[in-house]
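Student: Residue numbers (the numbering used here), protein chains in the order written: chain A, 1 to 306; chain B, 1 to 277; chain C, 1 to 421.
Be aware that a few hints might be false.
As the list claims (entries may be wrong) - Cβ-Cβ distance ranges computed for the label pairs, FRET-style:
(1) C/Glu235 with A/Phe288: 47 to 53 Å
(2) C/Asn110 with B/Thr44: 55 to 61 Å
(3) B/Gly103 with A/Asp190: 39 to 45 Å
(4) A/Ile188 with B/Pro190: 31 to 37 Å
(5) A/Leu212 with C/Gly278: 57 to 63 Å
(6) A/Asn66 with B/Pro190: 54 to 60 Å
(7) A/Ser149 with C/Asp102: 53 to 59 Å
(8) A/Trp10 with B/Ala106: 14 to 20 Å
(9) C/Ser122 with B/Phe55: 46 to 52 Å
(10) A/Ile89 with C/Asp165: 52 to 58 Å
(11) B/Pro52 with A/Arg100: 41 to 47 Å
Said to hold, decoys possible - Facing chain C, from chain B, some residues (calculated, C-beta under 10 Å):
(12) Met130
(13) Ser220
(14) Asn221
(15) Leu232
(16) Gln236
Honestly, the hints are just simulated from the structure, not real lab data.
Backbone N, C-alpha and C fix where the C-beta goes; we use that ideal spot for every residue, glycine too.
Here are the chains, one letter per residue:
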Amino acid sequence: MLRQEGKRRWFLVWYILPALVVYTAFMLVPIINSMRLSFFSGDGLIPNEFVGFDNYIKLFAEYPFNERFWNAFFNNIKFFVMVTLYQNILGFLMAVLLTRGLRFSAFLRKLSFIPTTLSVLVVGFLFSMIFNPVWGVFDQILRVLGLESLIRPWLGDRLTALPIVSMVVSWQFFGESIIFYTAGIDAIDDEMLEAARIDGAGFFSEIWHIILPSILPVVGIVTILIFVGDFTQFDIIYAMSTSMGNPGYSTDIFGSLFYRTAFSSPERGGWGMGMGAAVATIMFVFVFVGVGLFLIFFNRRRSKLS
Amino acid sequence: MITIHRRWARLVSYGLMVFYAAVILFPLYLMLITSLKDNRQIFTRPFAFPNPIEFGGYLRVFTVAHYGIYFKNSTVITLCALALIVFLSALASYALAKYEFRGKTAIYVYFVLGLIVPIRLGTIGILKTMIGLTLFDTIWSLVIVFVAMGIPLGVFILYDFIRMIPEELSHSARIDGCNEHMIFRRIVVPLSQPALATVAIVNFIPVWNDFWFPLILIRSNEVRPVPLATALLFGQFETNFGMVFAVLSLASLPVMTFYLLLSRYFIKGLTKGALKG
Amino acid sequence: MRKTAVLALVLLTLVAGISMAGGGREAEGTTKLVFTSWRTEDIERMNRINQVFMDENPDIVVEFQPIKDTEYDAQLKSSLETGVAADIVFLRSYDAGLQIWDTGILLPLNDVVPALADFPGSARGAWSSPEDDLYAVPFVGVTHGVYYQKAIFDKYGLEVPETWDEFISVCERLDANGETVFAQGTKEGWPLYEVIFSGLGANFYGGEQARQDLMAGAVKLTDPQFVRAFETLNELQPFFPAGYEAIDYVSMQQMFGTGQAAMFIGGSWEIGIFEDLGSGQSEIGFFPPPVENRGDRLSYCFHVDAGIGINAESENLDAAKRYIEWASSPEFAQLFMEELPGFFAYTPGSYSLSNSLANDMIAAVEGADVTVRTVWEKMSAQSPSGNTLMWEALIDMYNGIKTPAEAAAHVQRGLDTWYRP
Numbered sequence: 001m002l003r004q005e006g007k008r009r010w011f012l013v014w015y016i017l018p019a020l021v022v023y024t025a026f027m028l029v030p031i032i033n034s035m036r037l038s039f040f041s042g043d044g045l046i047p048n049e050f051v052g053f054d055n056y057i058k059l060f061a062e063y064p065f066n067e068r069f070w071n072a073f074f075n076n077i078k079f080f081v082m083v084t085l086y087q088n089i090l091g092f093l094m095a096v097l098l099t100r101g102l103r104f105s106a107f108l109r110k111l112s113f114i115p116t117t118l119s120v121l122v123v124g125f126l127f128s129m130i131f132n133p134v135w136g137v138f139d140q141i142l143r144v145l146g147l148e149s150l151i152r153p154w155l156g157d158r159l160t161a162l163p164i165v166s167m168v169v170s171w172q173f174f175g176e177s178i179i180f181y182t183a184g185i186d187a188i189d190d191e192m193l194e195a196a197r198i199d200g201a202g203f204f205s206e207i208w209h210i211i212l213p214s215i216l217p218v219v220g221i222v223t224i225l226i227f228v229g230d231f232t233q234f235d236i237i238y239a240m241s242t243s244m245g246n247p248g249y250s251t252d253i254f255g256s257l258f259y260r261t262a263f264s265s266p267e268r269g270g271w272g273m274g275m276g277a278a279v280a281t282i283m284f285v286f287v288f289v290g291v292g293l294f295l296i297f298f299n300r301r302r303s304k305l306s
Numbered sequence: 001m002i003t004i005h006r007r008w009a010r011l012v013s014y015g016l017m018v019f020y021a022a023v024i025l026f027p028l029y030l031m032l033i034t035s036l037k038d039n040r041q042i043f044t045r046p047f048a049f050p051n052p053i054e055f056g057g058y059l060r061v062f063t064v065a066h067y068g069i070y071f072k073n074s075t076v077i078t079l080c081a082l083a084l085i086v087f088l089s090a091l092a093s094y095a096l097a098k099y100e101f102r103g104k105t106a107i108y109v110y111f112v113l114g115l116i117v118p119i120r121l122g123t124i125g126i127l128k129t130m131i132g133l134t135l136f137d138t139i140w141s142l143v144i145v146f147v148a149m150g151i152p153l154g155v156f157i158l159y160d161f162i163r164m165i166p167e168e169l170s171h172s173a174r175i176d177g178c179n180e181h182m183i184f185r186r187i188v189v190p191l192s193q194p195a196l197a198t199v200a201i202v203n204f205i206p207v208w209n210d211f212w213f214p215l216i217l218i219r220s221n222e223v224r225p226v227p228l229a230t231a232l233l234f235g236q237f238e239t240n241f242g243m244v245f246a247v248l249s250l251a252s253l254p255v256m257t258f259y260l261l262l263s264r265y266f267i268k269g270l271t272k273g274a275l276k277g
Numbered sequence: 001m002r003k004t005a006v007l008a009l010v011l012l013t014l015v016a017g018i019s020m021a022g023g024g025r026e027a028e029g030t031t032k033l034v035f036t037s038w039r040t041e042d043i044e045r046m047n048r049i050n051q052v053f054m055d056e057n058p059d060i061v062v063e064f065q066p067i068k069d070t071e072y073d074a075q076l077k078s079s080l081e082t083g084v085a086a087d088i089v090f091l092r093s094y095d096a097g098l099q100i101w102d103t104g105i106l107l108p109l110n111d112v113v114p115a116l117a118d119f120p121g122s123a124r125g126a127w128s129s130p131e132d133d134l135y136a137v138p139f140v141g142v143t144h145g146v147y148y149q150k151a152i153f154d155k156y157g158l159e160v161p162e163t164w165d166e167f168i169s170v171c172e173r174l175d176a177n178g179e180t181v182f183a184q185g186t187k188e189g190w191p192l193y194e195v196i197f198s199g200l201g202a203n204f205y206g207g208e209q210a211r212q213d214l215m216a217g218a219v220k221l222t223d224p225q226f227v228r229a230f231e232t233l234n235e236l237q238p239f240f241p242a243g244y245e246a247i248d249y250v251s252m253q254q255m256f257g258t259g260q261a262a263m264f265i266g267g268s269w270e271i272g273i274f275e276d277l278g279s280g281q282s283e284i285g286f287f288p289p290p291v292e293n294r295g296d297r298l299s300y301c302f303h304v305d306a307g308i309g310i311n312a313e314s315e316n317l318d319a320a321k322r323y324i325e326w327a328s329s330p331e332f333a334q335l336f337m338e339e340l341p342g343f344f345a346y347t348p349g350s351y352s353l354s355n356s357l358a359n360d361m362i363a364a365v366e367g368a369d370v371t372v373r374t375v376w377e378k379m380s381a382q383s384p385s386g387n388t389l390m391w392e393a394l395i396d397m398y399n400g401i402k403t404p405a406e407a408a409a410h411v412q413r414g415l416d417t418w419y420r421p
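Using the sequences provided together with the hints, build the complete structure.
Tutor: Here it is in structure tokens:
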């Protein structure tokens, strides 16, 4: 590396500063500002009356705010677990399949990413039409297959609404998992796999003992991506079950709660900007702690395995 | 590469692949064919290929709903945001990758931290700032937010790439009388072109598709980008399925086409970080 | 070369985008007024109405730019606060409109439109501040009742029911014959509250008097009269279609409008949509909410729906005032009611409605106890609003999660957290 004289290095400021300023002023400062506003209350667009921890007390201890908050919290955890199951685990297995040198693998890899290029909103609208009970195609397919007895009001039943929404999100981002995992598996040394086969390793033991440990960092990254994405997800709920998280808030998650609280009028479930800022702050803390824990977990596993 | 030899295993594998391909393609097929049908065709033959093909939905989206305005807005926003992301990230990455100075690592980490900080959580603060700057309800508010959103990934990708450029090249340029700015312009930028393109491409999807910030920051019809307009038109035409699906298809086709043309870059750009671990 | 190809593509897209965006620019010397509302489905109809105004006032161009209904109130408020709002705005009645008036950015209209003095007092009251500043032209009201497919009714020789018992026996007859009785769904809460509870429930909870008592705190939703309304309305649930839990509002309209169900409990604003779907006034009929006993006075929910106000910071105040003046004229009211049948103007004057459904709706007002939506005035001003509580309670009741009594208790419990009569 080149070591410049102290005086001449000042020009570097002009290289770094523009990006630094935009990034700081429109990403970091707003988050801090939001946190500050969570201690304020008021009807206007920007709350102006200092209320201390009132918003948080309301959120954690006052009916019905606490009920909505914890409901969104637990729904979000369910949502995350389901998406991880569909997208991460099935995505991983599909990626293993697509790295076996079968014909059309490359084509399918390319294909799998197409849904990811769509807007979440479009995907949500599309699938809410597919699952529509009156003329939705999904029920018609079940009828053609003679599975009529399975038909349920998919998006209107508390039991099925959130799982369906999770499936739709997974459908869209399945391709992301596949891209990451296939790239990770491709990078594994072929000789290592060959050696394992000569030792008589079966398909599943090969996955467990060779593939999984080698791509654990990738698993970590995908999991963290899903985690952050799911805990700030909003568009899919807006498109499929409105910002009310219908039916009966059973699809209400942090993102929709935040939007409704902060940006809706009181008649439609708005609680004012101050409360919205409090919700955002808790989400921020949660996401940050969560990502931290995942990082520690995956780093530890990695050092253990290697 | 490990291959599958057993016959039944191959059969099962291909079966799974066909099923997966169908799961991906069927909803998209449905969206496209439905957009080319009238209501009667949609109800009587929902899965069949449109016959006759009806372009009426698309036509009305452009004539009645002035879809061109939204498309133009999205194009301008995306191009400006991508250009700025690439430019600012390149400048910062060059300085961080090629020079030693105090706080360098800290600044790099600070940038990359943005990869896991969801910018949505600062929405109320952003709203406040945009109102203060009187940028509320303009496309520039979106451009700025998208630039802030894209810089972390930009720096992350470019830093690595620029670091790999051999130092000898800059060195001989210096001997030839180039100053540091000229090195950036004449050596680093031309050599980094694949990486610069990657940065633009991977940011293209989130910028073009973003619905959240337009929903918060945009009010007037003349400045609505495609995703916001999609939500509006979905409400406006909801009893006319052909049009609804035309609206959804129109929102999706540009990015889909872009991806299919440049899929190699997309995949390379996205997996770059993951592989490094 | 790949790089050149990419660049060409980008440029092509840009050029295509810009050239396509040519439309919508106004001519020199004209003033552009932006008119916003929550009725995205009315764009084409409103454009035709505004064209009449523009023909009479060639120096003004009116652009109708609605916002999605669910987002409208919050977005309008923030637009006004930040100075980017439309010139002419739709305002909801009572508190929702009042909250916008409180931002101080609406023009008081008392002196701008003298004709307002002749508007009916109840309508004026819905858009007046406590200080009697009138901030919107009381524009239209809407009503609620039951639509039916004439062909299906004729097929079984069914009469239009007058009492609740007759109503239920019609349902039973249709059900026994394998017809889909109602095109009703419970995916969204608002139609359940606005149309079913306020519309059909008023006859059972005691109409306008009960609403006033509720606001004054003299009665609670957990009192027998309201619980009975919940119970009675719950009797309709067995007649809802298969999968009703997942049927959203649009699917409901679609089902009924295309003749797939015999009846639809709906609002007057839906006439136009049904017509578009092939159910015009010759195919469908309307009857007002069934009363309990023959000869009972009808409690008719005739909701004060929309007022038109002016953004005081509009750059085109003069043009906006001219538009508002026109909008409070009988000419406009007649035009509007013809173009959008089912919206009823408050503008004094005598009108002829060519749509028979609209005529039936307005005829029922005669001698009726006119009321508005149950918890709209005052009780939806804060969180949790009576509105959202009703949505929650009714979805749960119809989905079998809450009993009628629990549903009533849920709303009351929520209101008790903040509402002080």
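Student: So, for every hint listed, does it hold in this structure?
Tutor: Hint by hint, here is what the structure shows:
1. For C/Glu235 and A/Phe288, the Cβ-Cβ distance of about 52 Å falls inside the hinted range of 47 to 53 Å, so the restraint holds.
2. In this structure the supplied range 55 to 61 Å holds for C/Asn110 paired with B/Thr44, their Cβ-Cβ distance being about 57 Å.
3. In this structure the hint that B/Gly103 and A/Asp190 lie 39 to 45 Å apart at CB holds, the actual value being about 43 Å.
4. Range check, A/Ile188 to B/Pro190: Cβ separation about 34 Å, and the 31 to 37 Å hint holds.
5. Checked against the hint of 57 to 63 Å, the C-beta distance between A/Leu212 and C/Gly278 comes to roughly 58 Å, which is consistent with it.
6. A/Asn66 and B/Pro190 have their C-beta atoms about 59 Å apart, which keeps the hinted 54 to 60 Å range intact.
7. The hint said 53 to 59 Å for the Cβ distance between A/Ser149 and C/Asp102, and at roughly 55 Å that hint holds.
8. Roughly 18 Å separates the CB atoms of A/Trp10 and B/Ala106, a value that falls within the hinted 14 to 20 Å.
9. For C/Ser122 paired with B/Phe55, a C-beta distance near 50 Å keeps the hint of 46 to 52 Å intact.
10. A hinted range of 52 to 58 Å for the beta carbons of A/Ile89 and C/Asp165 is consistent with their spacing of about 57 Å.
11. With their beta carbons about 44 Å apart, B/Pro52 and A/Arg100 fall inside the hinted range of 41 to 47 Å.
12. Nearest Cβ of chain C to the Cβ of B/Met130: about 9 Å, under the 10 Å cut. The hint holds.
13. At a threshold of 10 Å, the smallest CB-CB gap from B/Ser220 to chain C is about 6 Å, leaving the interface hint in force.
14. Here the hint on B/Asn221 is kept, as its CB sits about 4 Å from the closest CB of chain C, short of 10 Å.
15. Interface hint status for B/Leu232: upheld, as the beta-carbon distance to the closest one in chain C is roughly 6 Å, under 10 Å.
16. The restraint placing B/Gln236 at the interface with chain C holds, with a minimum CB-CB distance near 4 Å, inside the 10 Å limit.
Going down the numbered hints, you'll see the structure goes against none, and every one checks out.
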